[in-house]
Each structure stands twice: as structure tokens, then as C-alpha cells.
Amino acid sequence: MTTFAELGVDQDIVDVLASKGIVDAFPIQEQTIPLGLPGQDIIGQAKTGTGKTFGFGIPVVQRLGPNPEPGVKALIVVPTRELAVQVYEDMDMLTSGRSTSVVAIYGGKAYEGQIDQLKAGAQIVVGTPGRLIDLNNQRLLDLSSAVEVVLDEADKMLDLGFLADIEKIFTKVAPVRHTQLFSATMPGPIVALARRFMSNPIHIRATDPDEGLTQANIQHLVYRAHSLDKDEVIARILQADERGKTVIFTRTKRAAQRLSDELGDRGFNTASVHGDMSQEARERSMAAFKAGKKDVLIATDVAARGIDVDDVTHVINHTIPDDEKTYLHRAGRTGRAGKTGIAVTFVDWDDLHKWALINRALDFGQPEPTETYSSSPHLFTDLNIPEGTKGRLTTAPRAQAAETSKPRSDSGSAENGGRRRRSRPEQSAREPQPIAEHGGATVAAPEGAGTHDGGGSEHHDGNAAPRRRRRRRGGARTGGGAPAA
DNA sequence: AAAAAAT
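In the UniProt record's numbering, the protein residues as written are 1 to 485.
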């Protein structure tokens with residue numbers, strides 16, 4: 001491990017970091033800080049939760065000098081308002097030992113405070129594209145002296161939805177500048193595109209290419225979700241012991257709101273964040289989740305990237321994301337800074353092709369999911385997060401495979417929830433059907449599951465949450481056969 | 001096709 005001081009970081013910054021208990025640099029920081037400090041353009045790629053923000057942030061602060069003149073010298077562009085707040089806080093911390101001031105510029109908030117801070121001479125601007133351009137158009141934000149430019153989540157910023165804004169912003173900043181692009185995911189075509197805005201950039205990958213992009217300390221579980229009551233299964237996951245905070249991702253804003261209400265009704269401590277909420281409510285949710293006042297956050301992909309919350313042990317994909325990049329970023333809300341985490345994904349019938357895509361792109365090595373098997377209703381209460389788990393997806397245990405899947409028994413299976421007898425294919429219809437695991441540990445214990453059957457001895461036996469059954473739409477499908485991909 | 005991002 002290298003210390004920040006050894007990397008050439010100024011003493012006041014070293015002191016500030018030390019006061020937060022941060023002494024050793026992460027690999028991406030070891031690699032990019034010595035290059036960023038003298039002004040090398042960088043495309044920095046490192047896995048989720050491994051310290052990219054300081055990788056670009058420290059050189060930005062240091063290069064402005066201890067007493068920069070008033071006026072915008074540095075611009076950091078991010079894809080969401082919440083990430084703007086977070087990066088603002090990090091930069092504010094890094095600059096706390098010097099006179100440099102930082103301002104967050106993003107929409108959904110009053111103009112006044114932001115404009116005041118700009119007029120007061122803020123040197124570092126962290127913002128989202130819309131409001132940045134808005135204020136620039138109003139001549140309230142002069143970017144012409146911005147000599148430090150960073151795109152955080154750079155591949156997202158250069159994506160179609162943002163590219164025009166980013167191109168415009170690059171016409172406004174200083175032509176001779178230091179430019180840094182950071183992300184966990186940097187597809188080749190995006191790197192090629194990025195070079196247009198940079199000068200002789202060096203591409204730093206703080207990962208072993210053979211290792212792929214997935215975090216070794218995140219265990220990935222994938223379940224077929226058809227004929228599965230996802231609300232019920234998610235409720236069970238939330239009752240598992242050894243759970244810290246949990247982020248649940250949905251595909252749509254409406255689904256996020258519905259699930260948040262539903263789990264809230266069931267007695268869980270939920271908060272939500274999505275684009276249909278007021279900015280004030282969004283920030284209240286994030287603050288409560290970070291502070292631990294709420295331990296379940298239901299979110300759209302607005303929270304998929306960059307958001308750093310301590311002690312998130314579980315990420316649940318209520319709906320599988322569309323592509324491997326989003327999968328990686330969502331899962332990356334857990335397993336940060338060396339900790340372990342679990343990512344659980346539910347794959348709906350119509351989405352099996354997305355799983356195939358992700359499976360292939362992330363090299364999970366799992367064959368197409370053509371089998372189902374029933375698993376313990378205690379599956380999620382038995383989860384232990386294995387240390388340093390790593391490796392390819394293991395094939396689903398065949399012993400339990402229900403090759404001839406029966407029509408689901410559709411009696412009141414939810415009635416006794418997790419109390420049902422288990423390990424019977426006949427009863428599997430509404431139980432989680434794992435199709436893959438990544439991480440090495442066998443989590444579903446089809447044969448030996450009995451050891452955990454406490455017959456009521458468990459402390460997580462459902463009473464934690466008031467039960468209130470509400471049937472989701474019919475959804476009776478006969479499971480089993482290999483779906484057409 | 002959804003979500004995000006200005007009002």
C-alpha cells in the first residue's frame with residue numbers, strides 16, 4: 001500500500017484525509033494521482049467502489065494551488081443530481097484545509113444559492129449538464145477559465161442522452177486544459193470518442209484484464225422471476241439476518257414508487273428515489289438512507305451510478321437491467337471499499353435474453369438458463385456472505401432440478417410465507433428459482449437445507465414485518481422449459 | 001424503451 005503523501009499529495013490534503021481515517025491509497029489512486037498531478041490527461045477505469053473520485057479529485061484540488069483566484073477553474077460533470085451532491089461533498093472535504101471553494105450546480109433547486117456561490121468566486125464547480133448550460137447561457141457561469149475538466153461516469157456522459165450537452169460544454173471550457181474521464185465501464189467506441197476532447201490521454205485500467213469487470217467481493221445470484229411473487233421474496237430477503245442496507249432497483253419510476261409503498265406497508269423502513277419525486281424529497285431520501293434512518297432504498301437507475309453509501313450489503317434487481325454496464329453499476333452499490341456484498345437479480349420471463357446478454361458480456365460463464373429447481377424458503381435467511389468469494393458462476397445443482405416442471409400449485413402459498421415446507425419441486429411455483437450463482441458459495445442448499453429449519457426458533461421469522469397480503473396480478477404461468485432467447 | 005438532465 002502506498003500512502004497519499006508518498007504519491008506527492010500536499011500535506012494539508014493528506015491531513016484532511018487522515019482526519020477521516022484515510023491513509024492508504026487504492027490502486028486507481030496510486031496510478032492516476034502521480035499522472036494527474038503534473039497534468040496528464042487521463043481516462044481512468046477502475047471497478048466500482050475503488051476510489052475513483054479521489055483519483056481525479058485530489059489532482060484537481062492540488063493543481064489549483066492553495067490560494068486560487070476567485071472564479072471557476074475546475075469543472076466536474078456528473079450524470080445525476082445526487083451524484084453532484086456526493087462529489088461536491090468529497091471535493092468540499094478535500095479543500096477544507098485551503099481557501100478553495102466548491103459549488104454544486106444542478107437542477108430541481110433554487111437558482112439563488114448557486115448563483116450567489118458563483119458570484120462569491122467559487123473555483124470548483126460540480127454539476128449536471130442541464131443547469132450548467134442553463135447558467136452558462138444566462139452568463140452567470142463563466143467556464144472559459146475552467147482549466148481542469150472532469151467527466152465522472154464518463155461513458156454515461158458521452159452516451160446519446162448526454163453527448164450533445166457535453167459537446168456544448170467542451171466548447172465553453174478553456175481550450176488548453178487538463179481533462180480527466182473516469183468510469184468503471186469504458187467501452188472501446190466511447191474511449192475513441194472521448195479522445196476528441198482530450199490531448200494524448202493515457203488510458204489507465206486499475207484492473208487485471210483477465211479479471212474482468214466484476215467485483216470479486218460481490219456475490220451474484222440470479223433467479224427466474226416468472227411464477228414468483230417478487231414482492232414476497234424481496235420481503236423475505238429483507239428479513240434475512242446479516243443484512244445491512246439494501247438498494248432495490250426497478251425499471252420504471254412507477255414501479256419504484258409502488259414497491260416502496262408496498263414494502264413500507266409491510267413495515268419496512270423504506271425510502272425511494274426516482275425522477276418523479278421533487279428534488280427535495282429525493283435528497284431527503286438519500287440523506288435518510290446514508291444516515292441509516294432508512295435501510296431500504298428503492299430506486300430507478302438514477303441511483304445506479306456512483307452513489308456511495310456505507311454498509312450496503314444487498315443490491316436487489318427487482319427488474320433485470322437492460323445491459324451489462326447498468327448491471328455492473330447497480331451491483332456496484334454494494335461491495336465497496338473492500339467490503340463484501342450480494343447482488344440478487346430477478347429475471348422475468350420476457351427478459352431472459354437480457355440475462356443471456358449480461359451473462360455473456362460479464363463472462364459469468366453460465367450456460368443459458370434452461371433449468372429450474374426449487375430451493376429453500378429459508379434461502380435468504382441462510383445467506384452468509386463468503387469472504388473474498390470469487391470465480392465463475394456455478395451450474396445450478398441438478399439434484400433438485402425440476403426437469404419436468406409441474407404446473408404451479410396455486411393455492412394460498414403466500415398464506416404462510418416462508419413457513420412452507422421446502423425442497424419439493426411440486427411446491428416450487430412461488431419460491432425463488434435460482435438459475436445461477438456467481439461467487440463460489442452454494443447458497444441454495446437443496447439437500448441439506450434442514451439444518452437451518454428452526455421451526456420458529458429464528459429471530460427473523462416474519463413477525464418483523466406486519467403481513468398484509470395483496471395479490472399481484474395473476475401471473476400463473478407454467479414454468480420450466482427453455483424459453484426462446 | 002426507460003431513465004436521466006433546465007424551467
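Derived from the structure by calculation, the hints contain no laboratory data. Source: prediction; values computed, not measured. Among the hints, erroneous ones may be present.
[Claimed, not checked] Below, a list of computed lysine-lysine pairs in the DSS-like style, where the Cα atoms sit at most 25 Å apart: (1) Lys339 with Lys293; (2) Lys109 with Lys119; (3) Lys20 with Lys109; (4) Lys168 with Lys230; (5) Lys293 with Lys20; (6) Lys290 with Lys20; (7) Lys253 with Lys109; (8) Lys290 with Lys109; (9) Lys253 with Lys168; (10) Lys230 with Lys253; (11) Lys293 with Lys109; (12) Lys168 with Lys119; (13) Lys253 with Lys293; (14) Lys290 with Lys253; (15) Lys339 with Lys20; (16) Lys172 with Lys109.
[As the list claims (entries may be wrong)] So the derived label-pair ranges between C-beta atoms look like this: (17) Gln117 with Gly39: 21 to 29 Å; (18) Ala361 with Ala5: 34 to 42 Å; (19) Gly244 with Ala5: 30 to 38 Å; (20) Ala361 with Asp165: 39 to 47 Å; (21) Ile115 with Asn67: 22 to 30 Å; (22) Pro175 with Glu69: 17 to 25 Å.
Every residue gets a Cβ at the ideal spot worked out from N, C-alpha and C, and that includes glycine.
Hints versus structure:
no. : hint                           : verdict
1   : Lys339 with Lys293             : holds, 21 Å
2   : Lys109 with Lys119             : holds, 17 Å
3   : Lys20 with Lys109              : violated, 29 Å
4   : Lys168 with Lys230             : violated, 43 Å
5   : Lys293 with Lys20              : holds, 22 Å
6   : Lys290 with Lys20              : holds, 17 Å
7   : Lys253 with Lys109             : holds, 20 Å
8   : Lys290 with Lys109             : holds, 20 Å
9   : Lys253 with Lys168             : violated, 29 Å
10  : Lys230 with Lys253             : holds, 17 Å
11  : Lys293 with Lys109             : holds, 24 Å
12  : Lys168 with Lys119             : holds, 23 Å
13  : Lys253 with Lys293             : holds, 23 Å
14  : Lys290 with Lys253             : holds, 21 Å
15  : Lys339 with Lys20              : holds, 18 Å
16  : Lys172 with Lys109             : holds, 23 Å
17  : Gln117 with Gly39: 21 to 29 Å  : holds, 26 Å
18  : Ala361 with Ala5: 34 to 42 Å   : holds, 39 Å
19  : Gly244 with Ala5: 30 to 38 Å   : holds, 32 Å
20  : Ala361 with Asp165: 39 to 47 Å : violated, 27 Å
21  : Ile115 with Asn67: 22 to 30 Å  : holds, 24 Å
22  : Pro175 with Glu69: 17 to 25 Å  : holds, 19 Å
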